[in-house]
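Participant: Generate coordinates for the entire structure from the input sequences, incorporating the hints supplied.
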Amino acid sequence: AAFSADAGVTWGPEVKVSDNPAGAVVEMLPEIALHRDPATDLVTVYVVWQELVSGTGLEDGRIMLARFDEAMVRVDVADIRVDDVDGAGKWHPVVVPVGKRGNPVVVWVDERDAGPRLSIFEHLYAAKGRGRRGHDDRPPLDFSKSRAVVRQKTVDPLAEQLANEWAPTIAYADRRVVLGWLDFRQYNWDVYSSFSRSGLRYSRPPTRVDDSVEFERLNSHPSLAY
1 AAFSADAGVT WGPEVKVSDN PAGAVVEMLP EIALHRDPAT DLVTVYVVWQ ELVSGTGLED
61 GRIMLARFDE AMVRVDVADI RVDDVDGAGK WHPVVVPVGK RGNPVVVWVD ERDAGPRLSI
121 FEHLYAAKGR GRRGHDDRPP LDFSKSRAVV RQKTVDPLAE QLANEWAPTI AYADRRVVLG
181 WLDFRQYNWD VYSSFSRSGL RYSRPPTRVD DSVEFERLNS HPSLAY
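The sequence shown begins at 1 in my numbering and counts up one residue at a time.
Incorrect hints may appear among the rest.
Said to hold, decoys possible - Distance ranges between label pairs, derived from CB positions: (1) LEU34 x ALA78: 15 to 25 angstroms; (2) GLY23 x VAL73: 17 to 27 angstroms; (3) ASP84 x LEU29: 12 to 22 angstroms; (4) PRO30 x SER203: 25 to 35 angstroms; (5) ALA71 x LEU158: 50 to 60 angstroms; (6) ARG217 x ARG151: 18 to 28 angstroms.
These aren't lab readings, by the way, just hints derived from the structure by calculation. Note that the Cβ used here is the ideal one computed from N, Cα and C, for glycine as well.
Facilitator: The structure is reproduced here in structure tokens:
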């Protein structure tokens with residue numbers, strides 16, 4: 001990571017985010033978010049990424065998080081693991097600070113759920129960092145148990161083994177977390193969105209965003225702003 005104090009005209013030196021020795025594990029797909037606490041004016045930078053367990057393939061991953069101050073100096077001694085299941089693929093984490101304290105909500109693609117026959121589903125899971133302000137006025141991060149984001153949906157018979165969710169995008173404002181993603185429930189890659197007050201429980205059913213009627217739709221890369 002690197003940061004700029006002049007709106008991107010110049011940049012500071014590169015900062016190594018994770019605490020793994022260089023080359024020890026594969027780290028991919030980083031995302032970043034910034035929070036300024038209105039009560040203390042304290043800035044916290046959150047970085048999340050996908051980590052592959054050393055010596056394994058893509059089917060065994062972790063979602064990791066590190067915190068920094070506004071000068072990109074590390075806050076915690078060690079990286080913090082967000083997810084809570086071993087032996088499953090993890091992909092595309094996104095993070096957003098929630099509330100005045102900036103407790104992070106992290107959403108990612110998780111492959112822990114087995115489908116019919118030999119299929120493995122890619123489903124969205126979420127976890128939230130809990131805690132009040134600690135000794136440094138930042139909340140100590142104790143992540144909640146991971147929850148499936150999409151709790152129920154009607155699946156087209158063609159998509160019985162392929163009802164996957166992908167490419168989450170997230171935003172927060174006015175005490176509301178808004179989430180968007182790609183969903184293959186109708187044997188098409190459609191864009192869906194939902195919202196949550198806590199970041200863990202999302203309204204059901206979600207709203208389909210795109211309006212294409214073509215078969216085998218291939219919508220991609222949703223993005224949110226609030």
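Participant: Quick one: are ASP84 and LEU29 within 12 to 22 angstroms, going by C-beta?
Facilitator: holds (19 angstroms)
Participant: The hint says 17 to 27 angstroms between GLY23 and VAL73; measuring C-beta to C-beta, is that right?
Facilitator: Once the Cβ atoms are compared, 24 angstroms apart, the range 17 to 27 angstroms for VAL73 and GLY23 holds.
Participant: Is it true that ALA71 and LEU158 lie within 50 to 60 angstroms of each other by Cβ?
Facilitator: holds (52 angstroms)
Participant: Does the Cβ-Cβ separation between LEU34 and ALA78 fall within 15 to 25 angstroms?
Facilitator: Distance hint for LEU34, ALA78 holds at roughly 21 angstroms.
Participant: 25 to 35 angstroms was suggested as the range; check whether the CB atoms of PRO30 and SER203 agree with it.
Facilitator: holds (29 angstroms)
Participant: Range first: 18 to 28 angstroms. Now tell me if the beta carbons of ARG217 and ARG151 are that far apart.
Facilitator: Taking Cβ atoms as reference, ARG217 and ARG151 lie about 24 angstroms apart, which means the hint holds.
Hint violations for this structure: none, all hints satisfied.
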